[in-house]
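Keeping their order, the protein sequence lines are chains A and R.
Count along the first sequence starting at 1, add 100, and that's the number in this note's numbering.
Count along the second sequence starting at 1, add 88, and that's the number in this note's numbering.
Just so you know, these hints were derived from the structure itself, not from any lab.
Note that the Cβ used here is the ideal one computed from N, Cα and C, for glycine as well.
It cannot be assumed that every hint is accurate.
Only part of the chain R face toward chain A is listed, based on derived beta-carbon distances under 8 angstroms [as the list claims (entries may be wrong)]:
1. Val102
2. Tyr116
3. Gly141
4. Arg144
5. Met162
6. Pro195
7. Trp198
8. Cys229
9. Tyr236
Sample of chain A residues at the chain R side, in silico, Cβ under 8 angstroms [what the hints assert, rightly or not]:
10. Ser103
11. Thr105
12. Gly116
13. Pro123
14. Phe124
15. Ala126
16. Val127
17. Ala162
18. Val192
19. Ala199
Once the Cα atoms are required to be at most 25 angstroms apart in a straight line, the calculated SDA-like pairs of lysine to any residue come out as [to be verified]:
20. A/Lys130 to A/Pro118
21. R/Lys243 to A/Phe189
22. A/Lys130 to A/Glu147
23. R/Lys243 to A/Arg222
24. A/Lys236 to R/Leu109
25. R/Lys242 to A/Glu191
26. A/Lys236 to R/Glu139
27. A/Lys236 to R/Lys243
28. A/Lys236 to A/Ala173
29. R/Lys243 to A/Ala218
30. R/Lys242 to A/Lys130
31. R/Lys242 to A/Glu177
32. R/Lys243 to R/Thr128
33. R/Lys242 to A/Arg222
34. A/Lys236 to R/Asp197
35. R/Lys243 to A/Arg178
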Amino acid sequence: MLSDTDRRVIDVLQTGFPIVARPFAAVAPKLGMGEDELIATVTRLREDGVLSRFGPMYDAEALGGAFTLCAMAVPEERFAAVTETVNAFPEVAHNYRRAHRFNMWFVLATERPAAIAATIARIEAATGLPVLDLPKLEEYFLALRLQA
Amino acid sequence: MTASALDATDRAIVRATQAGLPLCREPYQVVAEQLGLAATDVMERMRRMLERGVIRRIAAVPNHYALGYTANGMSVWDVEDARLAELGPAVGALPSVSHCYRRPRRPPDWPYNLFAMVHGHSRDEVEAEVARIAALLGPACRAHEVLYSTAILKKTGLRLGG
Numbered sequence: 101m102l103s104d105t106d107r108r109v110i111d112v113l114q115t116g117f118p119i120v121a122r123p124f125a126a127v128a129p130k131l132g133m134g135e136d137e138l139i140a141t142v143t144r145l146r147e148d149g150v151l152s153r154f155g156p157m158y159d160a161e162a163l164g165g166a167f168t169l170c171a172m173a174v175p176e177e178r179f180a181a182v183t184e185t186v187n188a189f190p191e192v193a194h195n196y197r198r199a200h201r202f203n204m205w206f207v208l209a210t211e212r213p214a215a216i217a218a219t220i221a222r223i224e225a226a227t228g229l230p231v232l233d234l235p236k237l238e239e240y241f242l243a244l245r246l247q248a
Numbered sequence: 089m090t091a092s093a094l095d096a097t098d099r100a101i102v103r104a105t106q107a108g109l110p111l112c113r114e115p116y117q118v119v120a121e122q123l124g125l126a127a128t129d130v131m132e133r134m135r136r137m138l139e140r141g142v143i144r145r146i147a148a149v150p151n152h153y154a155l156g157y158t159a160n161g162m163s164v165w166d167v168e169d170a171r172l173a174e175l176g177p178a179v180g181a182l183p184s185v186s187h188c189y190r191r192p193r194r195p196p197d198w199p200y201n202l203f204a205m206v207h208g209h210s211r212d213e214v215e216a217e218v219a220r221i222a223a224l225l226g227p228a229c230r231a232h233e234v235l236y237s238t239a240i241l242k243k244t245g246l247r248l249g250g
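Chain A on its own, in the form it takes in the complex (with noise of 0.2 angstroms):
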């Protein structure tokens, strides 16, 4: 159970952490709180798994990766098997079922942009099934704030 304080905290904290020497110095005081009260809270809240992260989001892209979400319309009478086909890609990064037609999708997450194409052939081939490759054109992006 979340407490006032603990809400404040992660609403607070993710909006943004600063790049200063004491950061949770820097912080606390808007919370009311010092600056071991705010660590404290802060790796309670981590180890309980309210926050799945805490610290620099990378831009995967901006690293040099190459990523993709892809769809594929799998039988139902084939979707086991063609599931441990998938997920035995190790570029096949996520991969969630989902109730549509397109019933498998899966983000593939490559070194170099080039192999993008060449493993969706293999799984196409190792499948049989053709594969949507849905690529991020444009990204409409804002930091999420939910409401804590």
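Fit chain R to the known structure of chain A by using the hints.
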């Protein structure tokens, strides 16, 4: 922004911090010590990566589920191309939308060019948020669907390798 703009030291900082910052009084100092660098150097390089968009932000990322946002749907929209530059950012700015992307249509199988991941405390709340997006898009949107996930088949973190 390309990877080549990052030097070996930048990449060492990425590797040392991509799983998170140390939770202590001087986190940048701790990272610097791990890498044999000065804290001022680590902070200066991280500031530059932040300015260039390599770091999107330094922040806490709440777990949706822990905050009660247990329902989510991938909403997909067929929006007039000419209106996307204006409407995409408006959808992306909605507080219930975590990710919003333009992606290619793949006719005839796939007519949708705008993807918005919508989060809510319940399926009903997600549906209400989707209705709000539909109202916002108005006649510029020809069709939409919401794809709910029913199972996570694989989930691995995206990490910069060696």
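Hints violated by the structure (numbers, ascending): 6, 8, 10, 11, 15, 16, 24, 30, 32
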